[in-house]
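Residue numbers (this note's numbering), protein chains in the order written: chain A, 1 to 266; chain B, 1 to 331; chain C, 1 to 704.
Warning: the hint list may mix true and false statements.
Said to hold, decoys possible - Simulated DEER-style distance windows between Cβ atoms: (1) L258/A to N209/B: 20 to 30 angstroms; (2) N209/B to E257/C: 55 to 65 angstroms; (3) R180/B to V234/A: 23 to 33 angstroms.
Stated by the list, open to error - With a cut-off of at most 30 angstroms between alpha-carbon atoms, the simulated DSSO-like pairs for lysine-lysine come out as follows: (4) K21/A to K429/C; (5) K662/C to K315/B; (6) K405/C to K21/A; (7) K304/B to K405/C; (8) K195/A to K405/C; (9) K405/C to K54/A; (10) K248/C to K314/C; (11) K315/B to K21/A; (12) K315/B to K405/C; (13) K429/C to K248/C; (14) K229/C to K248/C; (15) K255/A to K304/B; (16) K304/B to K27/A; (17) K195/A to K151/A; (18) K429/C to K405/C; (19) K255/A to K315/B; (20) K405/C to K151/A; (21) K429/C to K517/C; (22) K662/C to K255/A; (23) K304/B to K429/C; (24) K255/A to K54/A; (25) K76/A to K405/C.
Quick caveat, the hints were computed from the structure, so don't treat them as lab data.
Each residue gets a CB set at the ideal place from its N, CA and C atoms; glycine is no exception.
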Amino acid sequence: MNIVVCIKQVPDPDIPPAEFKVDEAAKQVVPPPGVAPVISTFDLHAVEAALQLKEQHGGRVTVLSLGGDSVRDALKRALAMGCDAAVHLQDPAFEGGDSYATAVALAAAIRKLGAWDLVLTGRQASDWDSGQVPMALAELLDVPGATPVQKIEVRDGGLVVERVTEDGYQPLEMPLPAVLGISNEINQPRYPTLKGIMAAGRVPIPVWGVADLGLTPEQVGVRGSRLVLERLYVPVRESRCEFIEAETGAEAGEKLALRLREARLI
Amino acid sequence: MASGSVLVIGEPAEGAVAPVTLEVLGVARPLAQQLGVPVAVAVLGQDIEGQAAELIARGADRVYLLADPRLAPYQADAWVPVLAELVRDTGAPIVLLSHTQTGREFGPRLAFRLGTGIITDCADFQLDARGRLRAIKPVYGGNAVAEYTLAGDGVQVASLRPKLHDPAPAVPDHQGEVVRPPVRLDDRQIRTRAGQRVRSALAGPDLENAQRVVAGGRGVGGPENWRLLEELAEAIGAAVGASRAAVDAGWVPGPLQIGLTGAKISPQLYIAVGISGAVQHMAGCQGARTVVAINRDPEANIFKHAHIGVVGNAKEVLPALTRKCRELTGR
Amino acid sequence: MHPTGDWLGPLPTWLLLWLLTLAAVAAFLGRAGRLVRLLRAGAPDARFDHPRERLAGVVAEALGHRRLLATRRYSGLLHLFIFWGFVLLTVGTIEHFLHGLFPGARLPLLDAWGPYRFSQDLFNVLVLVGVGMALYQRLVLRPARLTYNADALLILSLIGALMVTNLLASGARVALHPLAVDSWLPASQAIAGLLRGTPPAWQEALYRVGWWGHVLLVLGFLVYIPYSKHLHIVTAAPNIYLRSLRPKGDLRPIDIEGALERDEPVGVSRIEQLSWKDLLDTYSCTECGRCQAECPASLSGKELSPKQLILDLKEHLLHDEAARLLARRPAADATRPSADGHGAPGEPRRALVGAVIHDQVLWDCVTCRACMDACPVFIEHVPKIVDMRRHLVMEASRIPPEWQKLFDNVEASGNPWRFPRHARADWAKGQGIPTLAERPDAEYIFWVGCAGSYDERNIKVSRALARLLDRAGVSYAILGREESCTGDPVRRVGNEYLFQLQAQQNIATLQPYMPRKIVTACPHCFNTLGVEYRAFGGAFEVVHHAQLLDRLVAEGRLRPQERLEATLTYHDPCYLGRYHDIYDPPRRALAAIPGVRLTEMERHRERGFCCGAGGGHAFCEERTGRRINHLRVEQALAARPQRVATACPYCLMMFEDGTRAKDVYEALPVADVAELLEQATRPAEPAASGEAAPRDAATQESER
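Kindly produce the complete structure, drawing on both the sequences and the hints.
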């Protein structure tokens, strides 16, 4: 199976909230110094899912990512986990693009890679949390798709997947080629082996720009976006917490019960 | 057909209207009123006749019933073309849906099919000076807030984060029309075969609908202390949830996880025990009316979101709390 | 009445004896040769340096039974009897065989020498006493550490029978053919006394039965030894001789790039990737179980038993893999990840890591070295475990998720919890603690460590230590944001690659500030900086804060004057105590506080019990059995102290976690040695000068 995984590098979502800063004028997040960006969590699960499918059914996994220089580290990590090839989409014209504009570039790259069977990507990215790219890709590539997916099986040249629902899942069958948005329930992403890390360092990663993808700047980046970011800010949260004073934990527990009763919450 | 309504797309539901649909309706109505257009709800599926009355009673001016066996169970391949045609035919300027696991899938696809964009997982909406939709959306796990509009003048699609808004209130003596547009679906467009939804045995449907929730995190200390939480929950009639830390540590199964990618709850009372209050968790309980936090660390982030706080050890606080609650409520 | 002077059918019995002896020796050598060839299949290991030191160890341990008698003396004593009996009676056995093989020959000097004869007689009895004690232990006392199998009983029976036959033959001989030297043979005389009155023919018969019985038992024993755990009688002394003389805290560094270039493994996934010395370890295991009886994992109900680990390796070597190794057939791919269960054709039937040794067994280890320090034959359990962990981490990528997170966190932020790098020195803000930039001539670099920098509880210890250094007038500075995790936890879990990245980074950071001394409050940092970094070009002079504080008190630069009326027990951190033999300095420092009474837990000093955080376990949950730190808190409570003192941030965290869990958090406060000394040396009045005032405010904050 020829699988393409689209990954996104995002600022580390695990930093303490107090460290989170926004440049309101530039409408951008200011990552704290010395904190390296990471691969968006669900995309890691997508890479793992692709690798497991390759191990079961043979084939090739190519990983794609759109972004600046630091994206190479993300691609190397994916290669170290076991992906066969990587492509870096980089061009000033890509900057500031929303999910759709990004998907346009990704879809063009996927087409350029040649015949493919399955595209996997995380159900949403840990930065903007919009979750549009999986179905945008499905639409642009005109193939069936599903998101969010917690289980994939290949059967009779097609897919049987479980789509996550609020209280369980929905089984779906679809032919290949298809696009799936991957959810975290599906697997545990592997830690790269040493051989993988070393080998990844040696794999050449081609860089494709707007022209390489046969696109024009109007189709991508800010100009190709459908969403307009009007404002970005950190909400001010005042602590209006009423603390229960007590000498011991047990006393606090009792006072809390009384308070809840008083507020008619219990 | 009449043109221009704020169109709400109903969440697939069996029998009665899904509560999240009513939430979106509740948000759509004021927008429609501001724009001076009706608010409509599109219901797709089979055996959906019964939903029209409820929707009209809750303020829908128009209900589109699109009944077809191929529309149930839900699947994107069938819903998207049908909805796209409905939107084009009715010329709705704004299309809203609930950001459920299902809405996450067909919403974007529908928007792109229509040649427009979608703003997903929004907390609230406004209309700007031009009457265009301005969506307020938490981003970066909830650390920041973004406000978006859609470029151009075309149809605008957006999805509403569930459980943040009350369901649309009943509008006394409200009248509305029911429209049954023909469903034109080319079978060749349907490439996917959808099965019936499977309810997970572990899933806590109680969690998402519960009025009272008690949740535990890393600070609970270990699986052996979990029963203290369960006892409290039982004493006050609450559902039990967990933060990701407790799930990752293996103390409770995954479906109990409350958070950005887990269950979204909006109870009247939410008691967070030993939960630090990381934003990804808070994103799951933003809808809670009253948040009570019990945590050993006075600097814990949860206290910035809590209404009532106790700095203390869960092992000491919970038993006394449970006992007193039982005494006060006579359970 | 010569025992081999007659005929058995066509054969003279002396000839029969020759044939039997040669056959037995051949069988023994054949089997021994096979075992030696298997050893040579193992990886190289340099163990022949420092012969004098090595020999001294053999004398003390093998001959002197130092470890065996240090604990479990009953068992040590019985073994002393049997061992020395074996040594001395071997002379007698040689004589016995010479007598039979060369009728007429006599050992000239010894033959009639009374003391020698006495030694034989005495040890015949003492060995029986030893065997009796051993049987009592095995059949009645039944300690859990022993393996209850047929082999052990067979050995004991054989030894007992050897003694009985000896005594029988000797007693019968004394009865039949008394000699002048018999006055030195009280036991034989006693037996002869019992035989008085029986017909000489019976005595003759008994003599023959005893004599030939002894011969056959010896030959049988000889053949059996290399198939039984009793192989240790051959391998124990060599194993002790060949023990590791490297510093205890040093794990074998790997040339990772070189290994990958040469397609060599970076961890152990096949038995032949262990060194020949590791394989010799498996031959030497006596199944005594002392390791298991000291192992915190075993004692808390985990799957790991250090004894079982070694025995499983032995069985895998001798049964699963021997044929392949002796035929020099390589496995399909020496560096491929091991299968969880069954391998493909061409692969071993059972993969070493996964099937023979379960993953969880390897993860259970806290690297406390209690097993290695208890083992009478100096088997090295921990390095084997780490090497197999290295395979799981770097080759097979089968890693528990919590430790994957640990790796990600250390790699991303230079600490195990993913706190931001730039916040590393925040604990020192406003405390008057200089960085090297602010105090370039500092004598000491205070290496704070991750726990001391980021963990709320341990920040108090860091501040206390800084206060103490100020009071003692020690010139020190911290690295500040440049400091990064030493890599100890990731190395222990098996990620040698990430460890080396951290090592190289830290060494490069420290080199420009050298020469300078380093003081640290964390025994793991102490070990890694002072010992492990040497292999990577970092030769640093590192002192642990307990050592420095002890010295400062002794020099009078710190004067503990505030009384602390309390009974304290000191918990020995594994990486300070067992790893570096630093037991006294912290105790002295504590004892210097007026009013302090020190009491010891049962398991203290060399027998200290791990707090449970080692081997990476500070960063993951224990999921089976009881928690090790809970056990340790119970041990502490049994000593009835009012407080617990320790000298390691992880011990501190684990102890407090344990006291909370057992609801004695208030009843049994835990503190670091630095905190207690700081409280004891606090200036009595508020300082006159303004400079000291902020420190006092800060020290108040550091109080509970």
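Structure-based check of all given hints:
1. In this structure, L258/A and N209/B meet the distance hint of 20 to 30 angstroms, their C-beta atoms being roughly 28 angstroms apart.
2. For the pair N209/B and E257/C, the supplied restraint of 55 to 65 angstroms holds, since their beta-carbon distance comes to about 57 angstroms.
3. Distance hint for R180/B and V234/A: a CB-CB separation of about 48 angstroms, inconsistent with the stated range 23 to 33 angstroms.
4. For the proposed pair K21/A and K429/C, the alpha carbon gap of about 22 angstroms is at most 30 angstroms, so the pair holds.
5. At roughly 10 angstroms between alpha-carbon atoms, K662/C and K315/B fall within 30 angstroms of each other, so this suggested pair holds.
6. The straight-line distance between the Cα atoms of K405/C and K21/A is roughly 25 angstroms, inside the 30 angstroms bound, and the hint therefore holds.
7. The straight-line distance between the Cα atoms of K304/B and K405/C is roughly 27 angstroms, inside the 30 angstroms bound, and the hint therefore holds.
8. Distance hint between K195/A and K405/C is fulfilled; the C-alpha atoms sit about 20 angstroms from each other, no more than 30 angstroms.
9. Of the pairs offered as hints, the one joining K405/C and K54/A holds, with about 25 angstroms between alpha carbons and a cut-off of 30 angstroms not exceeded.
10. Among the hinted pairs, K248/C with K314/C is consistent with the structure: their alpha-carbon atoms are about 24 angstroms apart, no more than 30 angstroms.
11. For the hint pairing K315/B with K21/A, the CA-to-CA distance comes to about 36 angstroms; that exceeds 30 angstroms, so the pair is violated.
12. Proximity of K315/B to K405/C is assessed by CA-CA distance (about 28 angstroms); at most 30 angstroms being required, the pair is judged to hold.
13. With a C-alpha separation of about 37 angstroms, the suggested pairing of K429/C with K248/C is violated against the 30 angstroms cut-off.
14. A hinted pair counts as satisfied when its Cα atoms are at most 30 angstroms apart, and K229/C with K248/C qualifies at roughly 27 angstroms.
15. Between K255/A and K304/B the alpha-carbon distance is near 21 angstroms, which keeps this suggested pair within the 30 angstroms criterion.
16. Annotation: proposed proximity of K304/B to K27/A holds, straight-line Cα distance about 25 angstroms (limit 30 angstroms).
17. Of the pairs offered as hints, the one joining K195/A and K151/A holds, with about 28 angstroms between alpha carbons and a cut-off of 30 angstroms not exceeded.
18. Restraint check: the Cα-Cα separation between K429/C and K405/C comes to about 29 angstroms, which is no more than 30 angstroms; the hinted pair holds.
19. A distance of roughly 16 angstroms separates the Cα atoms of K255/A and K315/B; the hinted pair therefore holds under the 30 angstroms criterion.
20. The hinted pair formed by K405/C and K151/A meets the criterion: a straight-line CA distance of about 23 angstroms does not exceed 30 angstroms.
21. This hinted pair checks out: K429/C and K517/C have alpha carbons roughly 23 angstroms apart, not beyond 30 angstroms.
22. Only pairs whose Cα atoms come within 30 angstroms are accepted, and K662/C paired with K255/A is accepted, the gap being roughly 25 angstroms.
23. Annotation: proposed proximity of K304/B to K429/C holds, straight-line Cα distance about 24 angstroms (limit 30 angstroms).
24. About 58 angstroms separates the Cα atoms of K255/A and K54/A, which puts this hinted pair outside 30 angstroms; it is violated.
25. Pair hint K76/A plus K405/C holds up; C-alpha atoms about 18 angstroms apart against a cutoff of 30 angstroms.
Going through the hint list in order, the structure does not satisfy hints 3, 11, 13 and 24.
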